[in-house]
Amino acid sequence: AQSVAQPEDQVNVAEGNPLTVKCTYSVSGNPYLFWYVQYPNRGLQFLLKYITGDNLVKGSYGFEAEFNKSQTSFHLKKPSALVSDSALYFCAVRDGDGGFKTIFGAGTRLFVKA
Amino acid sequence: GAGVSQSPSNKVTEKGKDVELRCDPISGHTALYWYRQSLGQGLEFLIYFQGNSAPDKSGLPSDRFSAERTGGSVSTLTIQRTQQEDSAVYLCASSTRDRVYSGGDEKLFFGSGTQLSVL
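Going down the list, the protein sequences come from chains A and B.
The first sequence begins at 1 in the numbering used here and counts up by one.
The second sequence begins at 1 in the numbering used here and counts up by one.
No lab work stands behind these hints: they were computed from the structure.
The beta carbon of each residue, even a glycine, is placed where N, CA and C say it ideally should be.
Any given hint could turn out to be false.
With beta-carbon atoms standing in for the labels, derived distance ranges [stated by the list, open to error]:
| no. | chain 1 | residue 1 | chain 2 | residue 2 | range |
| --- | --- | --- | --- | --- | --- |
| 1 | B | Lys17 | A | Asn12 | 35 to 45 Å |
| 2 | B | Ser73 | A | Asn30 | 26 to 36 Å |
| 3 | B | Pro61 | A | Pro7 | 24 to 34 Å |
Partner residues aside, some chain A positions facing chain B, computed with beta carbon under 8 Å [what the hints assert, rightly or not]:
| no. | residue |
| --- | --- |
| 4 | Tyr32 |
| 5 | Phe34 |
| 6 | Leu44 |
| 7 | Phe46 |
| 8 | Phe90 |
| 9 | Thr102 |
| 10 | Gly105 |
| 11 | Gly107 |
Required output: the full structure, derived from the provided sequences and hints.
Here is the structure:
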C-alpha cells in the first residue's frame, strides 16, 4: 500500500523568498509522484510529476520538485515566491509497478506575505 | 465539454436520505477517480475505474457508498442513508492512462466538486 506524508499543515513565506513544501512517500514499487495545487474557489490543478529520468522536475508557474529516492522525498520548491502562489498544495503518489490508485497527502497551505 | 463536469455543485440533504452525485469525465479519458475532501482534511481516495476492468473500491468507507460507470463514460456515486459525517466535497477526476506503461499523461484532471451537506 502506498502513502504520502506532508508534515507541515501550513508554510509561511515572504514574497521574493524561496519556498519549500515538504513531501515524503511510501510505496512498494517504483514511485510515480505528483504535485497538485488548489487555489481558493478553484479546482485542483496539476503542477508537475516525476515518473522517471532526471530527479529535478520542473513544472507550471516556476515550481520544481526534487525526487530523492534514499530519503523517499519529493519536496516542492520555488526560488522566489509570489503572493499569488498562496494556495493549498497536495503531494500524491502512485505505485508505478502495479495498480492505478493515486493517493494524496493531507495538503499544505502556503501563505505568501507581501 | 472541455473539462470534467460534476453535478450538482451543491447538495443539501437530510440525514437518512439517499443522494446521487454525477461525474462527466473528459471525452476519451479511460480512467475515472472519486475522492472526498473533508474540511481540513486531504483528499481521501474512494474508488477508481479503468476501462472495462473491475473497479478498485478499496477506499469506499462503508457499504452505504457505491459507484457505477456506465458505458465507460459517466459515473454516479451513490450514498445511501446519509450521515452527517458524509458532509464533504466529493471530487471526480479523469485521466488518459490505459495501461501501466502506456506512456500516457498520468496526470489527473479534476472537476469542481460537489459540496454535500447532510443536516
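Evaluation of the provided hints:
no., hint, result
1, B/Lys17 / A/Asn12: 35 to 45 Å, "holds, 42 Å"
2, B/Ser73 / A/Asn30: 26 to 36 Å, "holds, 30 Å"
3, B/Pro61 / A/Pro7: 24 to 34 Å, "holds, 25 Å"
4, Tyr32, "holds, 6 Å"
5, Phe34, "holds, 7 Å"
6, Leu44, "holds, 4 Å"
7, Phe46, "holds, 4 Å"
8, Phe90, "holds, 6 Å"
9, Thr102, "holds, 6 Å"
10, Gly105, "holds, 6 Å"
11, Gly107, "holds, 5 Å"
Figure legend: structure checked against the earlier numbered hints; every hint is met.
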